[in-house]
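Number of protein chains: 2
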Amino acid sequence: MQAVEVGRGLDALFKPRSIAIFGASDDVSKIGGRPLQFLQKYGYAGCIYPINRKAGRVQSLTAYANLADLPEAPELAVVAVPPAGVLEAVQACAQRGVKAVVILSAGFSEMGEEGSRLQMQIGDVARATGMRIVGPNCLGAVGVPDRSIATFSVALEGAFPDTGTVGIVSQSGNLGSFTLRLAGERGLGISRMLTTGNECDVDIADAVASLAVDPGTSVILCCMETCRDGAKLRQAMALAREAGKPLVVLKVGVSEAGSEAAASHTGALACSDAVFDAVLREGGAVRVPSIEQLLEVGHALSVVGPARLPTGHRVAVLTASGGFGVLLADAASAQGLALPKLRAETQQRILSIVPFAAPSNPVDMTAQVSSRPEVLAQVLDAVARDDSCDALILQSASAFHVPRLRDVYLGALAQVRKDHPSRLIVLCARAPQDVRVQLTAMGFPVVEGIDAACATLSALMRHGAGRAIGASSPTAAAIECAPLAPEAFTTEASAKGVLAEAGLPVPLEVIVGSRDEALAAGRRLSFPLVLKIVSPDIPHKTEVGGVFVGVRSEAQLAEEYDSLLARVAQNAPQARITGVLVAQMVQGGVELILGTTKDPVFGPMVMVGLGGIFAEILKDVALQPAPVDEAQATAMLRSLKAFPLLDGARGRPKADLQAAAQAIVALSRFAVRHAQSVAEIDINPLVVLDQGRGAYALDALLVPAPPAEKAKP
Amino acid sequence: MQAVEVGRGLDALFKPRSIAIFGASDDVSKIGGRPLQFLQKYGYAGCIYPINRKAGRVQSLTAYANLADLPEAPELAVVAVPPAGVLEAVQACAQRGVKAVVILSAGFSEMGEEGSRLQMQIGDVARATGMRIVGPNCLGAVGVPDRSIATFSVALEGAFPDTGTVGIVSQSGNLGSFTLRLAGERGLGISRMLTTGNECDVDIADAVASLAVDPGTSVILCCMETCRDGAKLRQAMALAREAGKPLVVLKVGVSEAGSEAAASHTGALACSDAVFDAVLREGGAVRVPSIEQLLEVGHALSVVGPARLPTGHRVAVLTASGGFGVLLADAASAQGLALPKLRAETQQRILSIVPFAAPSNPVDMTAQVSSRPEVLAQVLDAVARDDSCDALILQSASAFHVPRLRDVYLGALAQVRKDHPSRLIVLCARAPQDVRVQLTAMGFPVVEGIDAACATLSALMRHGAGRAIGASSPTAAAIECAPLAPEAFTTEASAKGVLAEAGLPVPLEVIVGSRDEALAAGRRLSFPLVLKIVSPDIPHKTEVGGVFVGVRSEAQLAEEYDSLLARVAQNAPQARITGVLVAQMVQGGVELILGTTKDPVFGPMVMVGLGGIFAEILKDVALQPAPVDEAQATAMLRSLKAFPLLDGARGRPKADLQAAAQAIVALSRFAVRHAQSVAEIDINPLVVLDQGRGAYALDALLVPAPPAEKAKP
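Heads up: the protein sequence lines correspond to chains A and B, in order.
Position one of the first sequence corresponds to residue 1 (the UniProt record's numbering), numbered consecutively onward.
Position one of the second sequence corresponds to residue 1 (the UniProt record's numbering), numbered consecutively onward.
Because the hints were derived from the structure by calculation, they are not lab data.
Since we're looking at a predicted model, the values are computed, not measured.
Possibly wrong hints are sitting among the right ones.
One copy or two, either will do: identical chains are not told apart, so a pair holds if it fits within one copy or between any two.
Calculated lysine-lysine pairs in the DSS-like style (CA-CA distance at most 30 Å, straight line) [claimed, not checked]:
#1 K641 <-> K54
#2 K99 <-> K598
#3 K15 <-> K541
#4 K619 <-> K654
#5 K641 <-> K654
#6 K99 <-> K418
#7 K619 <-> K99
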């Protein structure tokens with residue numbers, strides 16, 4: 001139901017024709033005084049209605065004792081009264097037909113049980129009436145073009161942001177406010193800012209969506225701590241992607257300590273960062289590790305535009321200093337960028353311009369750049385012509401501060417922009433603000449730090465590559481089959497049975513009830529065989545002697561059948577024995593572990609890793625939202641550090657990657673179809689044989705979803 | 001010989017009583033005009049002697065046509081003439097008794113063969129006369145307290161650095177100059193700056209040493225691209241360590257691309273970064289990844305002083321914002337810091353001060369900090385009392401910019417400094433310059449960025465831990481034994497023979513020449529046995545059928561002895577057969593690969609990793625300069641990602657760590673003793689059995705040093 005409504009009705013937050021302020025105050029240090037001050041100081045053009053029990057005048061405007069007294073229904077209401085009065089204010093708003101409410105007041109779910117209850121009642125008003133509510137405990141909203149200000153953020157104390165196309169959304173008010181302030185210092189133009197706080201109604205997905213549909217926004221910066229509705233977030237990401245707007249995400253709560261702190265801070269479930277990462281990747285978001293990078297990448301994307309985003313990751317570095325060249329080469333490599341040697345003809349051309357240059361990559365143009373103005377333009381042109389690189393970084397620590405050099409650099413850059421309009425060139429440089437404005441107007445992002453410049457370029461390239469691949473195949477709707485019969489969960493054999501039906505390859509095997517049946521089975525299958533006890537009461541078969549591997553003849557089969565049953569009878573006398581599994585033995589190959597889990601927010605996830613210590617000790621696993629297609633499954637396998645083991649490392653034969661990928665696909669689809677009844681699936685091992693010989697699930701475990709969950713509609 | 005002379009005679013670079021400038025010019029855009037301008041502008045108190053063919057006056061000072069015309073021998077000479085005139089100037093200096101020369105001119109080894117020859121001749125003057133020469137192609141030296149300026153660095157154009165105790169040395173002139181400029185912007189006080197450029201005489205080790213012995217320097221910042229003399233660098237590091245001065249190193253050329261660029265830029269060998277890292281670690285240097293971190297860590301170390309450096313890595317984070325708390329928790333975790341939960345009594349105390357605080361760690365003091373001044377001091381005190389953390393980070397994005405809050409914060413910090421004088425507290429904050437000065441005067445480092453603050457604290461803690469361990473046992477002098485006999489290099493058996501004598505455990509084994517001898521050997525050893533062909537002509541025994549594993553009886557021994565010889569005779573008919581190795585079979589255990597290499601600059605290095613894919617594919621190896629002691633060897637093993645496999649992971653028995661460590665020690669000592677004749681040793685595998693059962697080298701290969709190297713004195 002919510003599916004089509006993400007971000008609905010939020011325009012009133014950013015361009016309301018009128019704003020009422022509950023708790024309006026003359027004291028500008030109070031949260032009810034600040035928005036009123038900002039609205040007047042920065043010239044909001046709509047009507048402002050202070051609401052204050054005493055009525056009279058507040059900050060020289062006519063104040064009203066009640067919302068009912070206003071001459072019209074305001075489009076937006078800001079609530080800055082003590083917590084006990086918030087519900088009443090919100091109800092009054094709903095009654096009067098207010099479109100959106102921003103609750104700045106704190107004292108709700110962050111204060112314990114009672115606050116949570118009150119917050120729930122407030123959210124119910126939104127759900128019942130369709131009026132949108134932001135907060136409580138948030139830093140509100142700012143619509144920059146319309147100077148609509150529903151916040152008390154200190155970021156607005158010095159100056160109002162310049163209008164631009166970068167939008168900022170954040171769950172944490174402080175992070176959002178700090179981002180806004182840094183954006184101003186960084187010279188970024190802003191379209192909208194929205195912080196969602198405790199999210200009684202409007203959540204981070206709504207916030208992203210409200211920017212995705214805003215014609216004034218071209219880049220979305222998002223600080224996220226948690227997610228309460230995975231489906232909504234996915235829809236919001238899809239909206240941004242369809243609109244061609246990069247979504248840059250700083251997800252905090254990455255570490256264990258951070259994730260616990262985020263859970264305690266937001267009151268939401270602590271999501272696994274690996275799950276978040278997979279979901280963000282799938283949704284085409286550009287993930288960054290710090291606020292600084294959020295701004296740098298936002299700056300660069302707003303300057304570069306989508307047309308100049310490369311899809312490769314090869315960079316040419318140009319400096320006038322060998323030392324800086326080395327530093328940049330290190331920093332670029334650390335960011336996963338490649339520095340290929342430039343083509344021979346390019347190197348020759350560079351040497352013909354500067355005989356003692358280092359022409360390979362990084363290109364050291366030497367101090368000649370300072371003394372011979374033509375050098376820079378010519379070298380830039382030579383490198384820009386070279387298709388062995390996808391982008392250029394031009395570094396200078398001081399050129400833009402020296403008037404003579406500044407003009408040389410600006411002239412050369414104007415020329416290269418004219419001759420190579422679609423080339424991405426990032427400047428790693430310190431420059432005065434006026435020069436930065438000129439450079440960005442020419443479409444060159446300017447980043448000061450060396451690490452920061454390389455990280456920014458890397459993010460641009462990842463985004464470019466992601467765009468080129470296009471949206472991943474839309475997540476298939478979870479077509480819920482009839483719930484699995486409870487028997488499916490009881491034994492390995494039953495689990496493998498239902499999984500085999502779903503297309504997961506398992507060895508030829510049969511359950512037998514007697515020695516004669518075992519011998520008959522042995523005749524149909526081919527030796528060697530494996531015997532395993534089948535019992536709903538024996539979870540760990542090996543521990544009770546319930547497995548025998550390597551039966552090589554009929555005689556041995558008869559003998560081992562009997563002794564297996566005898567061992568189990570002795571070790572687990574109470575266990576109900578359903579039979580004995582006679583299975584063809586799979587020999588050789590590489591062992592994978594394959595599984596699915598159900599994330600409480602984002603639903604079924606599929607996971608694969610190499611067996612043994614790789615997954616357990618080295619944490620070398622790949623995770624992806626289910627279902628996946630064969631290309632995604634193959635990419636998961638290739639992303640493993642131990643992938644070379646599947647790919648013929650150390651003289652091994654190559655493994656049957658296709659069969660492994662198809663098994664992942666089949667399992668992931670099964671997990672989605674049975675999401676309501678299955679909590680978890682473990683395949684350990686999936687043996688992958690040599691190329692062309694297939695892959696087989698040798699053991700399987702289905703864990704049922706808890707009854708409460710099954711009951712959900 | 002050079003051993004006792006590192007850094008000798010460099011004081012004249014920083015506090016000369018007189019300075020002559022070859023190529024002194026009126027044109028301040030020239031490298032011969034700039035130093036003269038700086039010396040006068042910034043008030044150097046000694047005598048300045050411009051030298052210029054035209055004599056007369058330069059920049060209003062009396063100029064001289066020749067050095068010989070000067071009324072005295074200057075202590076320092078700056079050479080800024082075209083390359084062709086440099087040798088003559090240097091020779092004149094040596095003749096006149098100048099103590100030190102700085103050659104700013106470029107056009108030497110960076111320009112090819114001819115330049116290299118000229119540079120070598122210049123260096124020969126230093127070696128012949130003892131006069132020290134810096135450069136050529138460098139940005140010279142600055143002695144800040146004495147305003148001695150032998151540089152044309154643009155960093156001095158705006159202002160002269162404040163005098164302080166931070167020294168800067170760099171091979172790259174540009175990186176050194178940029179560091180100096182950033183240091184000024186960052187408010188760091190500087191003692192000395194020295195860039196070494198092409199290093200015809202004074203190298204980076206001399207530069208480090210000159211600061212280690214300078215009473216005015218307390219922290220040394222070093223930008224390094226390469227090292228030409230490993231022994232000298234180690235001595236310089238030891239000098240810094242003995243003087244109790246932290247040495248913070250930005251080593252560039254980490255990546256393959258960067259390392260190649262550094263080699264091309266400096267003309268020196270491209271050193272393996274892993275070797276550099278091991279050498280820096282051993283020498284007690286603090287390695288940082290960027291110029292920004294170089295300055296932050298330099299700032300923090302100069303503010304904190306050695307007494308407040310913690311040895312642990314547990315940090316408590318305090319914020320007034322949940323969002324920032326989460327961000328800091330992530331950043332701290334990413335830097336390897338631990339955020340333990342605070343003690344229950346600490347948490348209770350915090351809750352008694354701020355009822356809705358998040359008291360665990362990160363501590364969210366909530367917005368109460370702004371409205372109730374006593375909160376901060378009380379919470380700081382509660383956390384500072386808690387010994388579950390080794391340091392504190394207090395974060396505030398804006399408090400120091402709001403006068404009322406600034407005073408609250410400064411007051412609380414003054415109190416905690418008084419009550420907890422030895423507590424390390426890092427401020428992650430933005431603050432005006434005057435407030436920063438107050439904070440640093442109280443001993444609080446102030447770092448703006450969140451990642452930067454955590455990285456800085458991590459560097460401080462690593463340095464503290466390193467200091468606590470103390471200097472590693474001084475590298476034993478390489479006592480060269482008589483060169484190994486050539487036979488030692490011919491076969492596995494001969495290699496194992498010499499290594500066993502050196503203390504490396506090998507299985508019981510014997511070389512036999514006949515079936516009877518084999519049977520006799522079999523009777524002495526215990527079954528099962530391994531047979532291996534012994535031949536100087538068969539490097540890969542398995543490939544010719546020259547190995548049999550698992551001989552379990554005398555009868556089988558006789559049979560397999562014959563068929564082994566027959567197989568080898570058929571597959572390698574030309575090979576000379578020295579015998580057959582009969583060895584006790586070592587069963588079970590974990591396989592390590594163990595080896596040594598000889599770095600051209602730093603000498604023998606010892607390396608260990610787990611066998612198979614771990615070392616080869618996952619690059620999971622530990623490297624350390626040889627020799628190592630048992631504690632170091634154990635630390636190497638523990639540093640492996642796959643260490644849990646040796647430590648009882650997944651229900652395995654624990655491996656015999658002590659035996660493995662002792663084998664590493666023995667091999668590392670052997671490598672040092674035979675450094676001149678042995679280039680490389682490979683032990684593959686070293687099988688480590690269960691605890692108490694030992695470790696055994698099952699195969700060994702000695703690679704001889706090339707003859708040229710052996711011939712060296």
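**Asked** How do K99 and K598 come out at 30 Å by Cα distance, when the copy is not named: within, between, both, or neither?
**Response** neither (37 Å within a copy, 75 Å between copies)
**Request:** Could you figure out if K641 and K54 sit no more than 30 Å apart (CA to CA) within one copy, between two copies, both or neither?
**Result:** neither (68 Å within a copy, 68 Å between copies)
**Item:** Status of K654 relative to K619 across identical chains (alpha carbons, at most 30 Å)
**Value:** both (23 Å within a copy, 21 Å between copies)
**Asked** Quick one: K15 to K541, C-alpha cut-off 30 Å, is that within a copy, between copies, both, or neither?
**Response** Classified as neither; 66 Å inside a copy, 81 Å across copies.
**Intra- versus inter-copy proximity for K418 and K99 (alpha-carbon distance at most 30 Å)** = neither (48 Å within a copy, 55 Å between copies)
**Request:** Pop the pair K641 and K654 into one bin, within, between, both or neither, using alpha-carbon distances up to 30 Å.
**Result:** Answer is both: 16 Å inside a copy and 26 Å across each meet the 30 Å cutoff.
**Prompt:** At most 30 Å between C-alpha atoms: does K619 with K99 qualify within a copy, between copies, both, or neither?
**Reply:** This pair counts as neither: shortest intra-copy Cα distance 49 Å, inter-copy 59 Å.
Hint compliance for this structure: hints 1, 2, 3, 6, 7 are not met, and every other hint is.
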